[in-house]
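Peer 1: Sequence:
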Amino acid sequence: MSPSAVDNVPTKSSLKDGPNKSTTLEVRAPPLPHLTHGFIPLSLLIRRLVQDSHNKLGELVDSLQGGGQTDEEKKRRIIDHMQDTRKQFIKVLVLAMWSKNAGAVGEVIDLKLFLDSRQEIFHSVVYNLLDVRRNMNQARVPNPDLDTAVQVLSTGRAQTAMTHRYVPPPPLTSSAILRTLSNINTLLSLRLTLHSPPPPHFRTYTIHSGRATFTVDHEFEVDMSIGSEDPESQLFLIDFRLLFHPCTNTPIAPALRAEIEFRGNAILKQRGLEGIFEFLHEFVLTHKIGVLLRQTQEIHAGRWTENLRVQQIKRTLVVQYWTTRVGEGKSWIEVGAKRGSPGKPSRLGVRWMREGKEVKDVEVPLDIAVLSAEQLLKSVIALHTSQILTTIQTRLRALPMFPPTSLRLVTHATDSFNSFLQLTLTPSRSIRVLVEPITGRFALTRPTAMSTHAEGRMNQNPANVDELLVRLKFVVLQEEIESRARSMGWEILKMVNVRREELKTFFPSTTRYMTYMRREGWRREWVVCVVLGDGGEGFYVGKIHEAPQQWTMSTAILIPITTPLNPSYTFLASLEKMASAIITLHVTTEILTSRRIQHQLKPPKVSDPKLTIPDLYIRFSSLIPRATWGIDALRLTFQSLADDGRSILTVFGRTREPMTQLGGEIRAADSDVSFHPLSGSYAIRFTVTVGDTIIDALVEKLHRIETLIRFVAVIRRFKLPCLHVSLGRVGFRYSPDTNSTADVSFGSDGDGKMRLHLPARSPHVRIRHFLENELNTAGLEIVVMALTVTLPLLLAFEDIEARFSNAPGGSEGALYILPRNVDWFRVEYRNHGVVLDWRLRCRKSVLYWYVQDAAMTGAESERGVKGRRRADMLKGIWSGEVDGDWEALKIGAAAGVKGVGALVRSVHEAIVEAGVAA
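Here our numbering is used: the first residue of the sequence shown is 1, the next is one more, and so on.
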């Protein structure tokens with residue numbers, strides 16, 4: 001049996017070992033190789049698919065919880081997820097159905113693998129034959145051996161020793177070589193100048209060493225020479241070199257060099273210099289794309305892993321970056337050969353697709369002299385980063401809460417690490433928005449708890465970055481205002497919750513965040529509302545009320561702040577001052593309106609650029625009816641805040657006439673009121689709790705000023721020395737005696753009554769009650785007159801009391817002086833039974849003191865008081881028998897104010913002497 005018969009075909013043969021035995025031999029083919037490499041169990045595939053579906057569903061649920069998406073977008077994303085998942089499970093279903101025939105399919109795969117291996121052997125034989133043919137092209141026909149030929153032709157045979165010997169060429173000398181090269185240089189110069197001018201792209205060339213070297217910048221350099229003096233003969237390619245990095249110093253592989261030389265000579269023969277330029281130019285472009293592909297694969301295997309997707313489609317390199325970025329469309333760059341226009345060859349160009357759209361208005365920088373895939377990628381990412389940050393800046397700049405000075409954009413052309421958008425959230429806090437060049441994720445520096453949370457939300461929903469940055473600014477601003485306000489004594493009212501519908505009537509509809517603050521010492525219903533919204537920041541003074549189920553707000557007044565918001569301690573101090581002023585002025589105007597008192601708010605006379613607090617003008621005649629002493633305008637101004645947080649207000653006014661009667665005697669102790677007597681101006685200072693009114697206190701102060709002016713005028717008219725002048729008290733001396741002083745206080749007890757204060761040893765103490773009554777009913781003028789008129793009489797009464805108690809037989813309690821009024825005194829001598837009435841009368845505009853016997857008046861006679869008798873011992877005084885500085889009236893006597901003392905003493909002596917005689 002031959003070996004060929006049993007190679008692959010099973011055969012049977014019979015061997016006869018004997019007459020009765022035969023053996024059958026069966027030869028079988030070897031089994032096919034079984035492929036198991038790369039197979040994955042179906043169960044593992046199903047588990048991976050289920051896990052992947054669960055993960056994607058979780059990511060979808062998390063992303064749907066974020067804001068900035070409409071219901072339609074959410075529904076579309078849910079449907080897309082369901083469709084993608086359904087397609088994956090359908091594929092698994094198909095594989096599961098095919099798994100029933102897994103054994104047969106495996107045999108088919110093994111058979112296909114075996115047939116492919118046989119076909120590869122056949123192709124290898126063909127390629128080897130072609131390689132042998134290609135190598136035979138290098139063989140050369142040896143030069144003719146003329147000596148051997150002559151011997152053969154002449155003798156019919158050749159020498160045996162010379163049969164295998166070749167004739168060596170004659171040796172070349174140096175001069176011959178130089179001459180030959182010089183001739184070739186001359187022929188090349190003439191040919192390229194006269195007969196075959198090079199194309200425009202080969203205009204840069206040099207001729208040296210018997211060759212012409214053509215240079216194309218940043219691409220290649222090629223050496224060519226001639227093989228004949230004929231100008232129409234073919235040029236031959238001698239050498240070829242690349243002129244761009246990183247291939248400048250890298251030698252070309254021998255096989256590639258031979259292929260270039262072979263094809264280049266063929267093209268030179270057919271198309272000349274134009275054809276060889278086009279061939280080499282296109283080869284270099286393709287080679288550059290290949291170099292970029294290798295570089296991209298290298299960086300993809302490094303730190304850019306899982307963030308790049310590299311693919312080559314024909315002569316185009318496609319590199320997708322930021323593959324893990326959520327949302328937005330895909331972004332990639334395409335590097336390929338762009339078709340040239342007439343007169344211009346093709347060139348290496350870059351096409352940039354940003355978020356699924358081609359960018360045509362930006363030229364991507366590509367260095368064709370030094371190829372660097374990483375630098376190209378960084379440049380594109382830097383441009384993309386700059387576009388993202390510029391878009392964010394443009395959108396934020398259109399919002400009122402981000403003035404131009406709060407946004408600073410810094411971009412770099414090739415390095416996105418140096419590109420950032422700096423946002424000033426508050427004057428003391430700022431952040432930088434960056435885009436990581438490898439992943440494309442947003443990053444915020446400096447990291448804080450709030451910025452970290454915002455950064456995560458930004459990367460989950462990049463389309464909503466503007467909204468998230470606005471929220472971050474509001475949250476940071478609110479947190480800084482609250483923290484600094486607490487340190488300054490403000491109370492942050494977290495429990496206040498006013499209905500949104502009610503807030504819309506007071507605050508802008510774009511309001512997002514509200515903070516309620518109250519300063520310690522304020523009335524509970526007044527708060528400061530910090531409003532943060534799309535329209536910017538705003539500060540309001542609000543009046544809130546706590547209802548059983550819900551807070552309500554009845555008033556909201558905008559606080560005019562002219563300076564940019566800076567939640568510093570100085571700003572909060574100014575805010576407190578502004579809010580206190582607005583609350584105080586608002587409460588005051590409400591009281592004036594309710595009482596129908598004319599008033600008006602006007603800009604202040606002395607303006608502060610940081611604080612705009614108006615002045616309140618009140619009509620004097622409307623506030624104090626029937627008062628004519630003051631100019632009809634009062635100006636109420638807010639001055640400042642006291643250390644305890646209360647408001648300090650000042651009311652300025654002016655009298656119709658100068659207050660020179662006050663002179664300089666107004667006491668400096670009255671720091672709440674000051675006067676300028678020459679101009680008639682006065683200022684009243686109030687310190688009240690924020691939320692209280694000063695109208696009642698102002699009216700009371702004005703009444704005091706009116707009373708003060710009137711009282712001092714009275715004192716001056718009587719030419720009495722003033723001892724003390726203040727807004728609530730006037731002291732004067734009505735006699736040179738040290739005990740003849742009086743103080744009048746008004747309005748200090750809160751009941752509106754005036755009080756008369758006298759020294760303990762004053763003679764008028766006995767009639768102080770009557771004087772005080774006259775003071776409140778008739779005024780100070782009557783009291784001053786009463787003091788001066790009654791002083792001689794009262795001094796005489798004190799004198800007779802002292803004489804009577806010290807006289808022999810005198811006893812304490814026997815003389816009674818009973819004041820009935822300031823102009824009526826009754827003197828009773830109880831031991832003598834005599835009662836006298838001293839009355840003040842006016843006759844012909846002259847005041848006199850009249851003394852009469854009470855028993856002789858009709859009223860006393862009718863009473864019939866027991867033990868009382870007529871004062872017969874005074875008949876001498878009544879009839880004029882007793883000489884004195886008085887006038888006898890038969891039933892009494894009259895004396896002037898200054899001379900009444902002598903009459904009192906004479907009457908007293910007469911009664912006492914009559915009692916002693918009896």
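Source of the hints: derived by calculation from the structure; they are not laboratory data. Wrong hints could be hidden among the right ones.
Below 35 Å or equal to it, Euclidean Cα-Cα: the simulated DSBU-like pairs (lysine-lysine) are [said to hold, decoys possible]:
hint, residue 1, residue 2
1, Lys87, Lys112
2, Lys75, Lys100
3, Lys338, Lys360
4, Lys91, Lys314
5, Lys577, Lys504
6, Lys314, Lys360
7, Lys75, Lys87
8, Lys577, Lys602
9, Lys330, Lys91
10, Lys357, Lys56
11, Lys91, Lys112
12, Lys890, Lys875
13, Lys75, Lys314
14, Lys357, Lys338
15, Lys898, Lys753
16, Lys91, Lys74
17, Lys753, Lys74
18, Lys602, Lys504
19, Lys577, Lys605
20, Lys898, Lys719
21, Lys605, Lys719
22, Lys74, Lys100
Estimated spans, in silico, between C-beta atoms of each pair [unchecked claim]:
hint, residue 1, residue 2, range
23, Gly876, Thr738, 12 to 22 Å
24, Glu107, Val50, 55 to 65 Å
25, Glu59, Ser568, 52 to 62 Å
26, Asp534, Arg656, 54 to 64 Å
27, Ser745, Pro625, 32 to 42 Å
28, Glu274, Glu107, 50 to 60 Å
29, Arg179, Arg203, 27 to 37 Å
30, Arg86, Leu64, 45 to 55 Å
31, Lys504, Ala463, 27 to 37 Å
32, Gly884, Asn831, 18 to 28 Å
Think of the CB as a built atom: it goes at the ideal place given N, C-alpha and C, for glycine as much as any other residue.
Peer 1: Given the proposed pairing of Lys605 with Lys719, does the C-alpha separation stay at or below 35 Å?
Peer 2: Violated - the C-alpha atoms of Lys719 and Lys605 are around 41 Å apart, more than 35 Å.
Peer 1: Quick one, are Lys577 and Lys602 close enough, alpha carbons at most 35 Å?
Peer 2: 18 Å, holds
Peer 1: Given the hint that Lys91 pairs with Lys314, test it: the Cα-Cα distance must not exceed 35 Å.
Peer 2: Satisfied, since the Cα-Cα distance of roughly 30 Å is no more than 35 Å.
Peer 1: Indicate whether the distance between the beta carbons of Glu59 and Ser568 respects the range 52 to 62 Å.
Peer 2: 43 Å, violated
Peer 1: Taking 55 to 65 Å as the stated bounds, is the beta-carbon spacing between Glu107 and Val50 within them?
Peer 2: 31 Å, violated
Peer 1: For the pair supplied as a hint, Lys357 and Lys338, confirm whether the alpha-carbon distance does not exceed 35 Å.
Peer 2: Given pair Lys357, Lys338 holds - Cα atoms ~19 Å apart, limit 35 Å.
Peer 1: Assess, step by step, whether the Cα of Lys87 is no farther than 35 Å from the Cα of Lys112, and give holds or violated.
Peer 2: At roughly 29 Å apart (the allowed maximum being 35 Å), Lys112 and Lys87 satisfy the hint.
Peer 1: With respect to the beta-carbon atoms only, verify the hint that Arg179 and Arg203 lie 27 to 37 Å apart.
Peer 2: 29 Å, holds
Peer 1: Would you check the hint for Lys898 and Lys719, treating anything up to 35 Å between C-alpha atoms as holding?
Peer 2: Holds, at roughly 17 Å.
Peer 1: Within a Cα-Cα threshold of 35 Å, do Lys314 and Lys360 meet the stated pairing?
Peer 2: 23 Å, holds
Peer 1: If you check the beta carbons of Ser745 and Pro625, does the distance land in 32 to 42 Å?
Peer 2: Given about 25 Å between the Cβ atoms, the range is violated.
Peer 1: When you check the alpha-carbon spacing of Lys74 and Lys100, does it fall within 35 Å?
Peer 2: 40 Å, violated
Checked against the numbered hints given earlier, this structure breaks hints 2, 13, 17, 21, 22, 23, 24, 25, 27 and 30; the rest are met.
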